[in-house]
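> The hints should help you fit chain Y onto chain L, whose structure is shown.
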Amino acid sequence: MKEMVINKGDMAGLLTELAGEMTVIAPAKKGDNLLFEPISDGSKAVLDSANTRLSPKGVLFPQCEQMMTFTTDRKQARLVAAENAGIMQDVKPLDQGQVIWGIRPCDTAGFLILDKVFNQGGAEYEDAYYLRRREKTAIVGLGCNKPLSTCFCTSFDNGGPFATNGLDVLLTEVGDKYVVTVLTDKGEALLKGKNGLSEADSASIDQAGQIKDAALKLVYSSIKADKIKGKTTMELFDDPCWDTLYETCMACGVCTYSCPTCHCFDIQDEMIDTEGVRMRNWDSCMFSLFTAHATGHNPRPTKKERFKQRFMHKFKYFQEKFDRIACVGCGRCIQLCPVNIDVRQVVKEMNR
Amino acid sequence: MKLSYQIPKQDINLEPFMSRPPQYNRKTIIMKTDRVYKCEIINVIELTSLEKLFHLKILDPAEREIFYFRPGQFVMLEVPGFGEVPISISSSSNNKEFIELCIRRAGRTTNILHRAQKGARVGLRGPFGTSFPMEKMASHNILLIAGGLGLAPLRAPIYWVNEHRNEYRDVHILYGTKEPGQMLFTYQYEEWEKVNRIKLLTIVEEANKDWPGRTGLITELFKEITIDPDNTCAIVCGPPVMFKFVCNHLYTLGLPMNRMFVSLERRMHCGMGKCCRCMVGSTFTCVDGPVFDYWFVLNLKEAI
Chain L
0 MKEMVINKGD MAGLLTELAG EMTVIAPAKK GDNLLFEPIS DGSKAVLDSA NTRLSPKGVL
60 FPQCEQMMTF TTDRKQARLV AAENAGIMQD VKPLDQGQVI WGIRPCDTAG FLILDKVFNQ
120 GGAEYEDAYY LRRREKTAIV GLGCNKPLST CFCTSFDNGG PFATNGLDVL LTEVGDKYVV
180 TVLTDKGEAL LKGKNGLSEA DSASIDQAGQ IKDAALKLVY SSIKADKIKG KTTMELFDDP
240 CWDTLYETCM ACGVCTYSCP TCHCFDIQDE MIDTEGVRMR NWDSCMFSLF TAHATGHNPR
300 PTKKERFKQR FMHKFKYFQE KFDRIACVGC GRCIQLCPVN IDVRQVVKEM NR
Chain Y
0 MKLSYQIPKQ DINLEPFMSR PPQYNRKTII MKTDRVYKCE IINVIELTSL EKLFHLKILD
60 PAEREIFYFR PGQFVMLEVP GFGEVPISIS SSSNNKEFIE LCIRRAGRTT NILHRAQKGA
120 RVGLRGPFGT SFPMEKMASH NILLIAGGLG LAPLRAPIYW VNEHRNEYRD VHILYGTKEP
180 GQMLFTYQYE EWEKVNRIKL LTIVEEANKD WPGRTGLITE LFKEITIDPD NTCAIVCGPP
240 VMFKFVCNHL YTLGLPMNRM FVSLERRMHC GMGKCCRCMV GSTFTCVDGP VFDYWFVLNL
300 KEAI
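One line per chain: the protein sequences are L and Y, in this order. For the first sequence, numbering that gives the first Met the number 0 begins at 0 and goes up steadily by one. For the second sequence, numbering that gives the first Met the number 0 begins at 0 and goes up steadily by one.
To be clear, the hints were calculated from the coordinates, so they are not data collected in a lab. Watch out, some of these pointers could steer you wrong.
[As the list claims (entries may be wrong)] In silico PhoX-like pairs for lysine-lysine, Cα to Cα no more than 25 Å straight-line: (1) L:K302 with Y:K300; (2) L:K115 with L:K29; (3) L:K302 with Y:K243; (4) L:K226 with Y:K117; (5) Y:K300 with L:K347; (6) L:K185 with L:K115; (7) Y:K37 with Y:K51; (8) L:K320 with Y:K117; (9) L:K7 with L:K185; (10) Y:K56 with Y:K95; (11) L:K7 with L:K29; (12) L:K145 with L:K43; (13) Y:K135 with Y:K56; (14) Y:K135 with Y:K95; (15) L:K91 with Y:K37; (16) Y:K300 with L:K230; (17) L:K303 with Y:K300; (18) L:K7 with L:K193; (19) Y:K95 with L:K303; (20) L:K1 with L:K135; (21) L:K226 with L:K43; (22) Y:K243 with L:K228.
[Claimed, not checked] Which chain Y residues face chain L? A few, computed with CB under 10 Å, are given here: (23) L52; (24) P79; (25) A105; (26) G122; (27) I202; (28) E205; (29) A206; (30) C274; (31) K300.
Think of the CB as a built atom: it goes at the ideal place given N, C-alpha and C, for glycine as much as any other residue.
Just chain Y, with the same shape it has in the complex:
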């Protein structure tokens, strides 16, 4: 039987997996599937015409204290009467005051959310899923690659790196969007570059006349940086088509697949691995994902 992806054998088990492969039927302590936190929207920031950043505060101080997540995890945000949507967390896991969610206007629930004003109440369930192995990436170079809305889930690891900046070596953020107007969190770029010594490279596919920067696909950015394959970890997040291009490019640069982490997105309804909507092979994105290493993703059909 011929496999569609021919993965060289020597790549397997070159080093132990940095993230654990899914162990089925396990219980993770960090996942809370049944608790609904009542939240208030304390601030709404309009980032682009499609995306807004919501600051959510859990109303009960005791609950606010126990809510803890790791970078890469997501929550289910519920608006009673409209539905529940999975949203990745964009804030620092040390921020006990409020949770930041970057939401694009796409469906029914997110459309009603975009009409929300300060003070509106919503419910929050979670956090769900696996997270980026930030501790294991320590003393490595970090490569954070985002496309479009993919910067939203990457903002949590960026905060993590900023808070533990001395543990990591060179940190690069490669960020590409379709148009300059779609760039998210532009107000933070200067801070990241100057305060946190992160090298940020941006690129757009279709430039307008005001755009001074680079134009092209995100893989163009690899020409400008040098990657030390033995000492680099990559986190990739973006639309499904981007994973394949970026990860394959990284692979040709010599980066092992088990040091590339991707965050998959799927339609989800229950968050408990029961409704089968987010199923990829025998893996449930809500319980066993959304963070996988690229080696694992290639062994899952339909994943990207």
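Just chain L, same shape as in the assembly:
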């Protein structure tokens, strides 16, 4: 582990320099929203704001992703024999590396959860699209000096506002400087010989330690999910708490789209004339068509079942499967929910 410092004024220059070598993805304004966007000018990066509107999961698992392309002829469209029709071509993978700069530790924990899903069970079920992006991505985290009132990142073993799991480099804001903690070889290679970085003095390191301790105390909400593991699925499923919790839900899906760990997706073919692509798009288990069969039968017929599915998946099913709760405590779903459904409240009821 190597500690360095960089002045805030030099950060833009460093990012611009990095952008010459690879894709730099950092929080940047897009319209009114703060989102993780590729930047070429380092001064566009906004590193002093709290959580971005959407989580950065889209960097590794894009909202719309081309999986394969194909050409077909007009005959194939009517399914008559055609020699070369129907051969899927893989799309070109990323040709250069990328770095996610200024990601919060909670969002990084989201990637660790997605890793489990897309790398599930070894070679045969690996998701190549996710993994080949993941391989080429370095992650530079930014510790959270001032957690929001909706944050609960210390719950469920997530490590809190300065957790280093999954990070290559951690930045800590200290006055007008950032203390740069290099955690992995990947991080070291990333920052090697970059302008503006200098050896850290012990005063800055001490100060960073104090800020870290102070930030931990600022995470007010802490929720317990310890009893959920011991309960059976049947017990939780029939719990009377679901009868009232779901009622206000409008099934808009904003919680699933903004969540760093939600990963349900949809695969669709799109065709213009004879050129087609197979797309993978985000989907949401809150939508009624998500499980609807072609026969009209729907295994989750009402909003209640769909609402229950989302929370049961995150806090019970995922835990059964991967021994980890699929919630990182970023608080986006609490901020964005139009009807004030609070995940902390739901877990409290489930844990009763």
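Only chain Y this time, still in chain L's reference frame:
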């Protein structure tokens, strides 16, 4: 906490599970999720106004050789530009020449497939999922119960039983549909009964004037046969509502739940346990299913 299904305790572990309960994060050798076989439709047989039987031949002889499945597994059939659909395999696992898929016209992809002619090319991914434990059912009586389109996935175990007929004792097929016109594979009934010594009982819910057979629900057929609960295995496949009635009826007849096998159906998109569409509890129908024993199904909420 009160459970909605009160399952008597003594039923648990009366005998070891015939099918393994799902082991999460395992890798099955038989499942191939990433390979797409290019196929040609070599024959189309119209079974009813809604269902057609497609004979698919994998074009590459080497690939044809390595494609192997077990009864109960399914494939993802893809029509580029229209989509991919999960379809259970209706042919014998010994048939190396072609794969038979019985497809009902229901959605976008299946509608375009129904317009397909001989010689059309499609892609095939798979096989996916778990299968019926045919070897473990040996030296048992077999009860194959199908409703409607449920005969399509049962045709693979029927072929298996026919090919290993001496290993099994009495074999019954109970088959019910809504109307006589919806009966599938009628041209094979005589062969099954006479050549393979299978007792086939059919029933329809709404008879027309040409229907000489029985009328009523499929559970009516149980009155005509005697079941030896200690020595019988059942495979049940049909619409979701049928599982509950048939399996509960079998249970009252004394058949243990871990010797009843059902094949669940779910909407699926990836086949790799990632898109979460086919999720039932913590179980993915595409990876851990579609074949479950009834005991396991009752312990999954929303399964049927």
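> Run every hint past the structure and note whether it holds.
So, going through the hints one by one against the coordinates:
no.	hint	result
1	L:K302 with Y:K300	holds, 16 Å
2	L:K115 with L:K29	violated, 31 Å
3	L:K302 with Y:K243	holds, 23 Å
4	L:K226 with Y:K117	violated, 59 Å
5	Y:K300 with L:K347	holds, 22 Å
6	L:K185 with L:K115	holds, 21 Å
7	Y:K37 with Y:K51	holds, 20 Å
8	L:K320 with Y:K117	violated, 44 Å
9	L:K7 with L:K185	holds, 23 Å
10	Y:K56 with Y:K95	holds, 9 Å
11	L:K7 with L:K29	holds, 22 Å
12	L:K145 with L:K43	holds, 22 Å
13	Y:K135 with Y:K56	violated, 30 Å
14	Y:K135 with Y:K95	holds, 24 Å
15	L:K91 with Y:K37	holds, 22 Å
16	Y:K300 with L:K230	holds, 14 Å
17	L:K303 with Y:K300	holds, 14 Å
18	L:K7 with L:K193	holds, 15 Å
19	Y:K95 with L:K303	violated, 47 Å
20	L:K1 with L:K135	holds, 22 Å
21	L:K226 with L:K43	violated, 45 Å
22	Y:K243 with L:K228	violated, 29 Å
23	L52	violated, 16 Å
24	P79	holds, 4 Å
25	A105	holds, 4 Å
26	G122	holds, 6 Å
27	I202	violated, 21 Å
28	E205	violated, 18 Å
29	A206	violated, 23 Å
30	C274	holds, 5 Å
31	K300	holds, 4 Å
Hints 2, 4, 8, 13, 19, 21, 22, 23, 27, 28 and 29 from the earlier list are contradicted by this structure; the remaining hints agree with it.
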